[in-house]
Amino acid sequence: MSFFFIFIFLIIAGFLAGLLASVAGLASLASYPALLLVGLPPVLANVTSTTALVCTGIGSTVSSLKELHGHWNKVLVLTLLSTGGSILGSLLLLLAPAASFEKVVPFFILIAGSLLLASSRKTSHLQLNSQKLPEFWLNLLSFGGIFLVGGYTGYFGAAGGVITLAILLVIINEDFATVNAMKNFLGFASNLIATVIFIFKAQIAWKMVVPLGIGLLIGGYLGPVIVRHANIHLLRILIALAAFGLAGYLFITAYL
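The UniProt record's numbering puts the first residue of the sequence shown at 1, with every later residue one more than the last.
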């Protein structure tokens, strides 16, 4: 396979992954398999994919400035919690192999898909009952949930974006486009920190990062535009179905 063909293929795969990342948080459905197809071993493909995903974070954040306006204080707090959890998860990975965690991951993703369907109503159960819960407990549930999801992402990473989206839809009373923009920024911050660590601690296939990153940047920018004009109820159902499909695939690979 010539490098020119690989270059074009990865741009296309990156574009698809960028759309999936910025709309649904499911970039791993496209970017990771694409790198495996061009010959990268699994660990190198995972590291390279995470590095390239910084580009979709840049594209989606620039495209989502309208939605993020007026929410930066909340976003920065959530980012600190998410990245703090991510760092802790990464350190935990050094002590306990992620392979031992693979058998429970499909169930996490299944729960995330279910949350997406449950939150398809205008307000979630938690939001409807927000007046009945003390502010301290609401903050504890919200911040604790984001920290734990960040830890999960740092430890294993599979479908971390869609799990983050599901949690945010439950704990934040904003429209889907705004919540999705927050999810994209959290993912950008986590991938950026991971990339810095990888630069010093791991090998990165930079020749693959460039074309994949170009596609991710374009797809990441267009994703929020699609969200603004999409049927949100239908979009949530489609994302949930994709999450169920990924959960099924990971279940098969983990148990069969």
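Heads up, some of the hints might be wrong.
Unchecked claim - Beta-carbon label-pair distances, calculated as ranges:
id, residue 1, residue 2, range
1, Phe3, Ala230, 34 to 44 Å
2, Lys201, Leu234, 13 to 23 Å
3, Leu76, Phe3, 35 to 45 Å
4, Asn231, Gln203, 38 to 48 Å
5, Phe107, Lys66, 34 to 44 Å
These are computed hints drawn from the structure, not numbers from a lab. Even for Gly, the Cβ is constructed at its ideal location relative to N, Cα and C.
Next on the checklist: Quick check: does the Cβ-Cβ distance between phenylalanine 3 and alanine 230 fall within 34 to 44 Å?
Outcome noted: 36 Å, holds
Next on the checklist: Taking the Cβ atom of leucine 76 and the Cβ atom of phenylalanine 3, is their distance within the range 35 to 45 Å?
Outcome noted: 41 Å, holds
Checklist entry - Within 38 to 48 Å or not, the Cβ separation of asparagine 231 and glutamine 203? => result This hint holds: roughly 43 Å between Cβ atoms.
Item to check | Status of the given 34 to 44 Å range, CB of lysine 66 versus CB of phenylalanine 107 | outcome: Given about 36 Å between the Cβ atoms, the range holds.
Checklist entry - Is it true that the C-beta distance of lysine 201 to leucine 234 lies inside 13 to 23 Å, as the hint says? => result 42 Å, violated
The earlier numbered hint that this structure contradicts is number 2, and it is the only one.
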